[in-house]
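Protein chains: 2
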Amino acid sequence: MREKRTKIKHVLSNEPLGESLTVMGWVRTKRASKSVAFIALNDGSSINNLQVVADAEKFGEELLRKITTGASISATGKLVESQGAGQTCELVAEQIEVFGEADPDKYPLQPKKHSLEFLREIAHLRPRTNTFSAVMRVRHALAFAVHQFFNEKEFFYINTPIITASDAEGAGETFHVTNFDLANVPKNDEGGVDYKQDFFEKEANLTVSGQLEGELAAMALSDIYTFGPTFRAENSNTTRHLAEFWMIEPEMAFYDLKDNMDLAEEMLKYLVKYALDNCADDLAFLEKRAADEDKNKPQNERAEMTLTERLRFVLENDFERVSYTEAIEILRNSKPNKKKKFSYVIEGWGADLQSEHERFLVEKHFKKPVILFDYPKDIKAFYMRQNDDEKTVGAMDILFPGIGEIVGGSQREERMDKLSQRMEEMDIPAEEMEWYLDTRRFGAVPHSGFGLGFERMILFVTGMGNIRDVIPFPRTPGNCEF
Amino acid sequence: MREKRTKIKHVLSNEPLGESLTVMGWVRTKRASKSVAFIALNDGSSINNLQVVADAEKFGEELLRKITTGASISATGKLVESQGAGQTCELVAEQIEVFGEADPDKYPLQPKKHSLEFLREIAHLRPRTNTFSAVMRVRHALAFAVHQFFNEKEFFYINTPIITASDAEGAGETFHVTNFDLANVPKNDEGGVDYKQDFFEKEANLTVSGQLEGELAAMALSDIYTFGPTFRAENSNTTRHLAEFWMIEPEMAFYDLKDNMDLAEEMLKYLVKYALDNCADDLAFLEKRAADEDKNKPQNERAEMTLTERLRFVLENDFERVSYTEAIEILRNSKPNKKKKFSYVIEGWGADLQSEHERFLVEKHFKKPVILFDYPKDIKAFYMRQNDDEKTVGAMDILFPGIGEIVGGSQREERMDKLSQRMEEMDIPAEEMEWYLDTRRFGAVPHSGFGLGFERMILFVTGMGNIRDVIPFPRTPGNCEF
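Residue numbers (our numbering), protein chains in the order written: chain L, 1 to 482; chain S, 1 to 482.
No false leads were slipped in.
Because identical chains cannot be distinguished in the list, a pair is counted as satisfied if it fits within a single copy or across any two copies.
Distance condition first, Cα-Cα at most 35 Å in a straight line; then the derived DSBU-like pairs of lysine-lysine: (1) Lys66 <-> Lys258; (2) Lys153 <-> Lys269; (3) Lys4 <-> Lys269; (4) Lys418 <-> Lys391; (5) Lys153 <-> Lys9.
Since the hints were derived computationally from the structure, they do not count as laboratory data.
Bound-form chain L, shown alone (with noise of 0.2 Å):
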């Protein structure tokens, strides 16, 4: 039945007036006189509806009060300029079959304006919304451009494990994995749980980065990059944590910590051309709907610059890069600091920033994306190369206007000894971690990488305000509906 069908999107884009055609698709709303209905259709390809403009005594009552909200249709008619406001063509049906109907009386999406949180609830329904379609095509074209840019540049997709026996960076946050009934766990000798009887034979958990083992394939490969899933049993309620989401995690043999940069930046404005040219039309829904949105809040919460505005801000500048020590310098004697706005005042260097002061230098100081870069080793992960003045390491943040960090990256730790000693202070356990420490045993290179994690760029792109909402199916605690 397929080829029979026009989508939407290419009826309203190239508007072959006089044309005889077949949409199919989802009724967004009805109006209907007397002798005339018009149905609002949307399929999905765009933001956009088609009007279809169905004869009452033609198509008679019985199948008219059919077609309400959510109910589907396939339409077959005459492409015609439109008569009335709000759209230049529409289509004059000669055939209509209804495949499904949607009983007003139940179907939980009537055309008026549903809350986030409501929609959540409803999230196998969510799709079939405004909002939520324009940001799932948001997120399909940012998932395509990071594959096409890492292959434009000959970087290999890395599948790294979702299940590992590796927990060197969980840290007590990871899921367990197991085929064990829960109800009766085997325990051996010594009282403890018998792994040896579970599917893997020991301890598994779900990954939380598939950094160590993309370092692994980059040390072969040269230039690699995994996306994929990672999660954190964090119990944490807020617009900015979930349980289960998506990375990007780059990782380059002999790239230094200025190539990271460059390269970060050079992915982060890709990705933002790629939506600003291929999202057009969602993303002036999406900006219309952050400007309302944003007028129910006090003047002081509102948002400085509009959808668009934050995208070519993050286009049109070049990044500022600036070393933590620096930093701190402007963060201590910025006004916010000296009258005591800050929530966390800075007091002086090896303080770990906030998100406020993130923001600070981005949107009040510099004006501009910005990187930071040297972090003091203690606030930082094990693997980091160690700078010569051995209080820092070669770590580097990019932070974006609203949003604060957005993208974590290092030069790694290359040298055995630093790296062994590095461990050893901060109780990672080398035996549980030679299949890492062999990149460093043979043939070590200099090398460099860093996370995206891809639903906090979807939250800058679209200016959505709940990570919730920027994924199909949301994972967070005491939520696994679906």
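Go by the hints and put chain S onto chain L.
Frame of chain L; chain S shown alone:
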């Protein structure tokens, strides 16, 4: 440092003779005479090595001693025509830097043939071998081709959930996901597991398929696809099974079974063509590898076609479309059936087909890829569309040479009454599936979809024999290292 570096792939394809350039990579082998050392350098960008020529006197014994198999170096010099056999150009080194050594007494990958079994034990170093790096590059190419194919067709990529409370399809073969301390699982008053205290406040599992959630998205966005990890806690130690594998599952509104077959055939041909067009060097290597392996097998187990012949067989033939009923007749009357050469002799209609039958149809009878359709409903899943004969469902499987079933799909049952009845017959609990049934209650449409196991496809395209060798870190019973 990356700006100074040229990837070996480009050196070999462009051959900029006379130019000075820098390459970086890992030493595959070194042959040395008194006066000169020949270093075969690989950086993962290509199956082919670049020969670096180092003058013994110029670089001295101390440096050259460090250049052993597995060591990483940077070499700068002039590209010249090669005097030796086996390559057309070589780099005459003017500068060499050794990044990391690889003690020949400890480095496990010495320049000799290692068994695939041994390599699996050092999966973290596998990417440094010819075979495995070739497979990984083909894997990348196929993954990118999947995204490009669907993007060109305006499908949207949907990330269906990995952790899910829905277990309708899993039937006991799912992994449990929990935040409980397994040594101390909380019990409720009835003595059962108190899931209310678990992270998701209910029983949670790893997904076995994204199809059902994919259908939800297709019922709004029309055409979607998933590409993500899926899990089976099946205790199978075979060359075809993994506990963690990647699946591609497109789902299309307004597609009937024929549309579904057309799309699947088009996609498979697209992927094969993409590999032939983009992975010529790797496929040539893998073809030779497979042919060498075959020489060690008894005559009757050897492949009848070379790797390229098998790929062209798929690309150049229209897939033969045969109903299950016709196929059973063919099999029943076939020589191997009559002579009881099949392990499972086909007695009559209703039998489930084994790989031996599928391969007979493809390789002996039709000599084409085959699409079997309209299977007995009793051997297929509850969601497949029931045909008017009341015996069969609109299922389709695609069969490939050497591998049997590579794609399984169906038109989905969109009729609420038929679906409910079938779920009842098959003991699928409707109360847990209300979200799925909602898509039949509200605006149901005819729709179809299929699944392609990504690793099965890579097996076919690379000619590898064991599925554990086409994924970076295979997960199987007792196996989740790294």
